[in-house]
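Trainee: Chains as they are written, first to last, in the numbering used here: chain A, 1 to 228; chain B, 1 to 411.
Each statement offered as a hint is correct.
Once the Cα atoms are required to be at most 25 Å apart in a straight line, the calculated DMTMM-like pairs of lysine to aspartate or glutamate come out as: (1) B:63 <-> A:135; (2) B:63 <-> A:156; (3) B:90 <-> A:156; (4) A:202 <-> A:37; (5) B:63 <-> A:7; (6) B:63 <-> A:159; (7) B:63 <-> A:5.
Now the stretches of chain A that chain B is said to cover, found in silico as 3 or more residues with beta-carbon under 8 Å: (8) 51-62; (9) 68-74; (10) 149-157.
Partial pick of chain A residues on the chain B-facing surface, computed with a CB cut under 7 Å: (11) 96; (12) 97; (13) 98; (14) 99; (15) 114; (16) 179.
Just so you know, these hints were derived from the structure itself, not from any lab. Glycine included, C-beta positions come from ideal geometry on N, C-alpha and C.
Chain by chain, the residues run as shown.
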Amino acid sequence: MKRSEAEILREYGPFPGVCNVAGVTFDGRHAWFASGDRLNAFDPASGEPVRSLDVAADAGTAFDGRHLFQIAADRIQKIDPHTGRVLATIPAPGGGGNSGLAWAEGTLWVGQYRDRKIHQVDPHTGAILRTIESDRFVTGVTWVDGELWHGTWEGDESEVRHIDPRTGEVIERLDMPTGMAVSGLESDGGDRLFCGGGNSGKVRVVRRPRRNAAAGGGSATTIGATAE
Amino acid sequence: MDSLITTAARALAAGDPLGALNRVALREDAPALALRGIAMAQLGDFDRARILLRRAVRAFGPKEAAARARCVVAEAEIALVSRDLGYPAKALEAARATLEAHGDRVNAAHARYLEVRRLLLIGRLDQAEHVLSEHMLADLDPAPLPPASQAAHALVVAGIAMRRVRAGEARAALARAGEAARRAGIPALTAEVESASLVLETPAARLIARGEERPLLLDEVEALQASNALVVDACRYIVRSRGVVVSLATRPVLFALARTLAEAWPGDVSRDALVARAFGAKAADESHRARLRVEIARLRAMLRALAGIGATKRGFALAPRRGAEVLVLARPVEERHAAVLALLADGESWPSSALALALGASQRTVQRALDQLAAAGKVQSHGRGRARRWMTPPVPAFATTLLLPAILPGG
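Pulled out of the complex, with its shape left as it was, chain A reads as follows (with noise of 0.2 Å):
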């Protein structure tokens, strides 16, 4: 396992009329984030505000390439990023306290935070296909370049973590400096994650470190990307 600093690169908010982040992602153009009773977009290139949507946004947020994703209480809903309206819905797995929400190759990917757990989910039926345990809280999940990241979020301390999807070893981790939440995390495709910063009401964003291609597991069927 290879360890070291989270490095930085940039910071975005705090928002207006935010106080606490949760779930980010990213369609391609705007990076999205949940602040509880909307969804928000905003130009990572700027950093200012494009729009919001009015929808329950609790915690993880995901984007499959046309849909927004977002969690809701017990629930997950499947939004239209356009109008707002929510167009399915399914069922959390465990009947909620989830985290993080990652879409990767037609699957869902759900951080369940205390639990220690990740879960595979049926994007239809909300049903669990799989999970991966780890050792510490998880939060924000997300695939990029056939690597499954995932963020932690335990008192004072947050990591970006690494992992394996199959055995959940931890392949890599990137130690947030002290008091600097990880609540949600996605990746731009390239080498940038987005982390949403929790009660900091901030998004901010982390060097994905290139990684020696011989070095971790990956997986061979969930290769893919969240952007478009």
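Please arrange chain B on chain A, whose structure you already have, making use of the hints.
Mentor: Just chain B now, with coordinates in the frame of chain A:
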């Protein structure tokens, strides 16, 4: 930071404890226990709330110090609201320090405000003011506290100002509290501010001047204190003029003489009348007259800076310095045990032994008076045995608002 906790916390913040409970009723993890505890407290089930919060403290992991501290603060607030004033101040202070160290300003401020409120409730006005002023210095921070905290803070400021007879300051603080309560959108808080404001519209004292009486509001009492008049204050057993205060709280006979002379001013009072009022004697005999001469001489010495006492043909008359007006301030309703109430009028808490000492009465007499006053709701006590302290009831309804700290993500 998980979805149901966030939703439940949002429901709680919006004043919907049942909605919050619906989300986490069946969950036994630490944040859920904490939220359930706070919801139960808002619903008034303090015992259950306390148990849940203690379980939450135990369930949070060793790294979740801030989350545990928030539970401690919540439990302290429940203790305060249920008038368990013996709640360990040290635990609260430790929790406050933890929250500050973790950058949780809002809950740290809440902990501090609870401490000030406890001091106010147990009659430690000086200490309460001291902590409050430090608090204000610590709050010179650009990020403002949430409206509910601002309202609670302003209520405490108003409570101290009322006890200190600073009506203007109390009124301004209540206006701030009302405004903040409206922004917070918590009806119970708005109602609390309104009921506290009623105190300012209720007579705080009675003015007796040149044979006439009228009720006075707190503002008028404050204005009177700033005036040049010579005020014989029967609420506090003091004589005051131009900022000079002579306390006669421990000299009931001298105070009775001063008040009798002041009520008659600018006229004089006969020796018989003075003897009757001060010594309770029906007719003055020679020994009474001798004692009166002694007491008048003592009073003359004590009031030297404020007024002279001239002898007249039939008795004595008050002669205030620099031609000041003479006024008497009395409680709205004269009642028995006025001397005990006068001592307690400073808003501080007193042990009965100190009251007995100050009044030159036996502990038993003072205890009887306190029991009667307590039965009439005019005084209250806290603590047990030797630690028991007495004070006038706090400014109404100041200890009922349950705001409880936010147990939001991060904890």
